[in-house]
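Asks: As a plain string of letters, each chain reads:
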Amino acid sequence: MTPPVLLSAHGLEWRSGTRTILGPLDLEVVRGECLALVGPNGAGKTTLLRCLTGLLRPTRGEIAYAGRSFAKLSRREIARRIAYVPQIRPARVPLKVEEIVLLGRYPHLTAFQLAPRAEDFAAVEEALRVVGIEELRGRPVDELSGGERQAVFIAAALAQEAELLVLDEPTLHLDARHQRDLASLLLRLKTDTDHTVVLATHDLNLASLLGDRLLALSGGKVLATGAPAEILRPEVLDRLFRARFEIVRGGERPVTILDLGA
Amino acid sequence: MRPRTALLILLAVWIATMILTPLVGSQSISLGEILRGDPTAASIFWQLRLPRILLALLGGAALATSGLGFQTLFRNPLAEPYTLGVSSGAALGAVIALRFEGGQFLGLSLVGLASFAGALGATALIVGLALRRQGIETSTLLLAGVAVSLSCSAIILFLQYLADSTQTFRMVRWMMGGLSVVGYTEVLWLLPFVLGGSAALFVLRWELNLLLTGEELAASRGVDLARLRRYVLLATSLMIGALVAVAGPIGFVGLIVPHMLRRFVGHDHLYLVPACILGGGAFLTLCDAAGRTILSPAELPVGILTALLGGPFFLWLLVWRRRE
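Just so you know, the sequences run in chain order C and D.
Under this note's numbering, the letters of the first sequence match residues 1 to 262, in that order.
Under this note's numbering, the letters of the second sequence match residues 263 to 586, in that order.
Just chain C, same shape as in the assembly (with noise of 0.2 Å):
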């Protein structure tokens, strides 16, 4: 038996006046599954990541979610499905840990509601604990490093109960020692709980330790798709990104480094 098809995009395409940024392209993300879309600047992640979350309206195609159209989806019936962590935030958020955390569950809330539940409140205590930042809910979230800030934020979309997590570069700017703790975090999420994932990053030893399949986006096209060993070749890469990639270690979750001589 195959496993349901969760989020399906048919003939996708989003043009910014003459110029097509992404597409025609068609994708399908399976319940459970991580789907990691790696590829170089300008290819069109993000730009898929905003249609497939329901922010930026395709110029054609369709998308739909567990066979439901977006068409027919309002923004908060998107929301409670799909939970975004997006690369570009304010660069200062004047709000507390659990402050944040709660606006996760905004799509939850009705128009006329006073103040959260008690099972709002369970979905924020689920969360920190899950991303383990249970001690640092009253601080802050401008006085917390990179890293953590990155923690809150993923446990805000945790805390949003939605069955499919987008993530946009979410190690981009950390130091090493934090980027490992993120990839830690994400892979617990991966096995812990029954999230399906969708992440765009650069990384490609994360799209590599997280992915069950990789996406290569080049030109807004899809290059190749397969599992990390078939894509994280240095032919497919050399390819994908006009750079040289050195395999150090082979097997099915492959690591890579640039060869910046080449």
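Hints in this document: simulated from the structure, not taken from any laboratory.
All figures in this text were calculated on a predicted structure; none of them were measured in a lab.
Glycine is no exception: its CB is placed at the ideal position from the N, C-alpha and C atoms.
Keep in mind that the hints are not guaranteed to be accurate.
[To be verified] Ranges between beta-carbon positions, derived for each pair:
#1 C:P4 to D:F575: 56 to 64 Å
#2 D:D300 to C:R137: 52 to 60 Å
#3 C:R139 to D:S305: 51 to 59 Å
For this one, chain C is given, so just place chain D on it according to the hints.
Replies: Positioned in the frame of chain C, the structure of chain D alone reads:
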């Protein structure tokens, strides 16, 4: 300090302001005189001071909540009705009406109604800009506000040049902003706008909080940004338009009050909106009481006083923000 404690203290200050400020002015009266039924004191209290205090409480609430709404919406600490061209649009409306000798309509002066229309016109212009280009940067909107402001000022100068000296005097006096000639009609006129506008901002508190985490994240959580912008701008410009119609432009309250309150109440709009209603009202009422006594027996229009406070505050905010 916990936000709830801060709110309770603000409520106490608000009540104290309402009770004590009617007693001060060019002629001071005492609570005892009013309670004893002294006719002069009672008449000063009921006919002159109380409507003025009520107007200041409502007006300050309108200015502070509008400033808060603008600052969150534009994610810019310098946004307020004054810097966004809403007040200068209102001033232009009033000056046009004064130039062509306005009369009365439904108990309100045509000058007031023209300034109301001017405030809404300026907002419509800015909102039109915002809706024309989806995803227009908020800094662009701020600059658009400045441009609207400058254009209105230029037309005002032109109209003043054409006007005779009596008209010019009335225009200048109107633009100083003040609460001096006020009865209960003005209070009743302003009340629904302030209640409606600040209630709308309170209802939108979740959306406003989400905006603090960025427009992209807010949208991904299900906030309809275009609709939110429309609601906030509509609520604030109706409040400001209604206030300017009776009191003229009063600047910087929308800048000073929300910033001071954030230090005590935090950034959660659940507490910040009510805090601005109370704090803004108390602040404007105290400023007005000071204006009544500083040059006693003459009166200093409250608009001049808030502008005198606001300029240095603006500068302090710029330098303080730079250091952070």
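Asks: Against each hint, give a clear statement of whether it holds in the structure.
Replies: We went through each hint and held it up to the structure:
1. C:P4 to D:F575: 56 to 64 Å: holds (59 Å)
2. D:D300 to C:R137: 52 to 60 Å: holds (58 Å)
3. C:R139 to D:S305: 51 to 59 Å: For R139 (chain C) and S305 (chain D) the Cβ distance comes to about 57 Å; the hint holds.
When the structure is compared with the earlier hints, no violation turns up for any of them.
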